[in-house]
Amino acid sequence: MILKSIELRNFGKFAEKTFEFRRGMNLVYGVNEAGKTTLMEAIPAVLFGVRDKERFRSWGSDEGCAAALVFAGRRGQVRIARDLLDDRVELIETDGEGRELQRFSGSVPPEEGSSGFGEYGEQLLRLLGINEEPVFRSSLFFGQGRLDAPGAPAMAGRIRSLLSGFGQVDYDRVLTGMHGELAAITRDQPYLTGAEPGELDRVAEAVAALEERWREGRESREQLSVLRDEIVELENSIAFDRGEYAKGERYLAWVRRHYQQEQAAPASETVAAVMTAPEPAPTAPTASFVGDPAEERNRLERELAKTGLPRDIPEDLVKILVDADEERKALVALQGEAAALRRELQAQAIPPWKGLAALSLFALSAGGGLSWVFPLYTPWLWGGAGLVALAPWVLFLLRAGKAREEQARIQELIQGVEDRREEAQARLAALDGRFERLGLSPSAVEVVRMRKNLPRHQELLARIRELDGLDSDEEGAEEEPEAVLKSEAVAEPELPAEEAPRKAHPEALLSLTELATAEEKLREMGDSLREREARLLELSREEAVRRGALTDPGAIEREGEGLKARQHALSRRREVLLLASELLGGAVEEFRSTYLERFATDIGNGLMTTTRGGYGRIAFDEHFSLMLPAKGEEAGWRPLEHFSRGTVDAVYLAVRLALSRHLARGHRLPLFLDDPLVNFDGERLLETVGMLENIAREHQLVFLSHNEQLLKRAGQKRWHLLSLDQARGGRNRASEERSDDVEQLHLL
1 MILKSIELRN FGKFAEKTFE FRRGMNLVYG VNEAGKTTLM EAIPAVLFGV RDKERFRSWG
61 SDEGCAAALV FAGRRGQVRI ARDLLDDRVE LIETDGEGRE LQRFSGSVPP EEGSSGFGEY
121 GEQLLRLLGI NEEPVFRSSL FFGQGRLDAP GAPAMAGRIR SLLSGFGQVD YDRVLTGMHG
181 ELAAITRDQP YLTGAEPGEL DRVAEAVAAL EERWREGRES REQLSVLRDE IVELENSIAF
241 DRGEYAKGER YLAWVRRHYQ QEQAAPASET VAAVMTAPEP APTAPTASFV GDPAEERNRL
301 ERELAKTGLP RDIPEDLVKI LVDADEERKA LVALQGEAAA LRRELQAQAI PPWKGLAALS
361 LFALSAGGGL SWVFPLYTPW LWGGAGLVAL APWVLFLLRA GKAREEQARI QELIQGVEDR
421 REEAQARLAA LDGRFERLGL SPSAVEVVRM RKNLPRHQEL LARIRELDGL DSDEEGAEEE
481 PEAVLKSEAV AEPELPAEEA PRKAHPEALL SLTELATAEE KLREMGDSLR EREARLLELS
541 REEAVRRGAL TDPGAIEREG EGLKARQHAL SRRREVLLLA SELLGGAVEE FRSTYLERFA
601 TDIGNGLMTT TRGGYGRIAF DEHFSLMLPA KGEEAGWRPL EHFSRGTVDA VYLAVRLALS
661 RHLARGHRLP LFLDDPLVNF DGERLLETVG MLENIAREHQ LVFLSHNEQL LKRAGQKRWH
721 LLSLDQARGG RNRASEERSD DVEQLHLL
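Under the UniProt record's numbering, the residues of the sequence shown are numbered 1 to 748, in order.
In case anyone wonders, no lab produced these hints; they're calculated from the structure. Among these hints, one or two may not hold up.
[To be verified] Using C-beta positions, here's what the derived DEER-type ranges look like:
hint, residue 1, residue 2, range
1, Glu212, Leu397, 33 to 43 angstroms
2, Leu224, Trp393, 44 to 54 angstroms
3, Thr513, Gln261, 17 to 27 angstroms
4, Arg55, Trp393, 47 to 57 angstroms
5, Asp83, Leu397, 30 to 40 angstroms
6, Thr94, Arg55, 27 to 37 angstroms
[To be verified] In silico DSS-like pairs for lysine-lysine, Cα to Cα no more than 27 angstroms straight-line:
hint, residue 1, residue 2
7, Lys354, Lys306
8, Lys712, Lys4
9, Lys36, Lys17
10, Lys712, Lys36
For each residue, glycine too, the CB sits at the ideal point set by N, CA and C.
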């Protein structure tokens, strides 16, 4: 493929001009400031765009700035036109008869055009073999006064890209992507230092934290069991001492009543009353102990009404309350079990397949690339690549089937839980009906309240009946002494019949001093009860807090199983990526070791000509920087910085010629030289130009220079000559006047 013409409109100093080129050597001659560099820069400006929109705009003109390139090849020609101001690009490919084959039209900004992305980049790659501006400037474009790439690192980078499969698959980028994915999985890599934790590291930390929570939960349950034992022991001791305290209160109340009656009666009647009077009931406190019985009774009745329970509790109410509470607890437990199963069902997702597709595509690409390098092993390489691509899919199908089976099992468990929940709701509805028949509210709050107040209801009812017994005893104390004695015997079964106060001698009763001591001990017992009740309340609150913070071991185990499964999957992926990166890295290194020798040989062949036989070999260091063999006492390989500027230019010319051939991959692309041989001496210049003339047999060369020696050689060798001083209007007359110009130049 050759560059047939360049069309410029308001481009730099060119208002409306067209430059035509031919195969072989083309010399564009012009003095300084004639516009040679502007003409040369028009080529990458059309192909890739320019970021500075005012750079090539004609001075003093408000019209648009545009340029077009026409390439001709065996199949036809391609015309690429660009408006430099709005980056509107039109690419038209036609065949030999002028019929349109392909067309692209659209806006291609420099950021997209220079990177090779998008449809336009694909068209350039298909037609020219190069779709990136840095690659173009490093291979086909020779700037003014220098033959190397723009910066030594750029040249080394292009060589590295070439030797890692540039043009088809950049395996260095693939390896970098693998390393990046490995870094996202785990930071435990030899080439990573100070990196952020990967997903595998975070999952491992989550598993460790979950195990710590499980251990803490187990310790909390053990502590809760010890606390529960302490609460039970405290409740039993409080219940026993409360009964003893009540008995003591009743007995001391009876003794105080006895002494009160004794002080109120005459002395002569006191002895008879002690010997014959019926014993008062120890369970009925005196009026001085409870205050006004009527007022106390009203207070108890009010508290009894607040419990929400009827005065006379039906026989089956207690059983209904217990059954309703148990059914509600069972319903809550079933709901929790169903929620846990649903979370487990969500965790059982089908494994992702996009990563496997990418891995399979990579394996097939690697097999294709290696088979291209080693054609003798093509069946084995394709077979291995197919096996590597197929194995993950087999594993994926097995895991997907297992996940579906697990989902079906969990769905069946959820359905069983739902059936049991419906049965529990039906039983709870039946119990609600029984509550309504008893005239009670069936709401959950009222049921809990009634069950909680049931012991209080029994206690209040017992105290009311106790007050009723006290009133009846006072009214019939004188009329029915025998009945009072019988009731006292029933109310105080702890006292033996022979020790009943009715028959006891006054000396058998507690003295007033002993009574005061007994009351003091009773107060101490009451204080102890209150302290233990406060302690019981504190322990109950602590138990509630601990139970609220208690973790569900089943939920932790299920979460741990999910995390461990993810950890196993990430570990397997890490192993696969490590193995793949190791294999690909080895393949790339092997490819480089063989391809690098061929590339260095091609460079050496060109270097032999450009240095007039002075150098015929070249080497690369570990960074792909160029080295030449030193002469004399400093034998060995030395960097290019140790050699003269002319030698360095000759080396870079040979390198870029070899690089352009390898990058083109079958395309015979034109080479553009903007006076790059300015530093060559006369003899070396002629030698190098001779080499370029040999290259021009296969490649088109567009040479821009102001060197009169080259102008004379152009006349002698019948190059295609274009003079910027002779360009007029829309087209130059160089081709028409070439014969006369050549003869005149030859005479000069």
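Against the structure, the hints:
At about 37 angstroms, the CB distance of glutamate 212 to leucine 397 agrees with the hint of 33 to 43 angstroms. The hint said 44 to 54 angstroms for the Cβ distance between leucine 224 and tryptophan 393, and at roughly 50 angstroms that hint holds. Range check, threonine 513 to glutamine 261: Cβ separation about 20 angstroms, and the 17 to 27 angstroms hint holds. In this structure the supplied range 47 to 57 angstroms holds for arginine 55 paired with tryptophan 393, their Cβ-Cβ distance being about 54 angstroms.
Judged by the Cβ atoms, the range 30 to 40 angstroms given for aspartate 83 and leucine 397 is violated: they are separated by roughly 54 angstroms. For threonine 94 paired with arginine 55, a C-beta distance near 31 angstroms keeps the hint of 27 to 37 angstroms intact. For a cut-off of 27 angstroms, the pair hint linking lysine 354 to lysine 306 is broken: about 67 angstroms separates their Cα positions. A threshold of 27 angstroms between alpha carbons decides the hint, and for lysine 712 with lysine 4 the separation of about 24 angstroms falls inside it, so the pair holds.
Between the alpha carbons of lysine 36 and lysine 17 the distance comes to roughly 13 angstroms, so the proposed pair stays at or under 27 angstroms and holds. Of the pairs offered as hints, the one joining lysine 712 and lysine 36 holds, with about 18 angstroms between alpha carbons and a cut-off of 27 angstroms not exceeded.
Comparing the model with each numbered hint stated earlier shows that hints 5, 7 do not hold.
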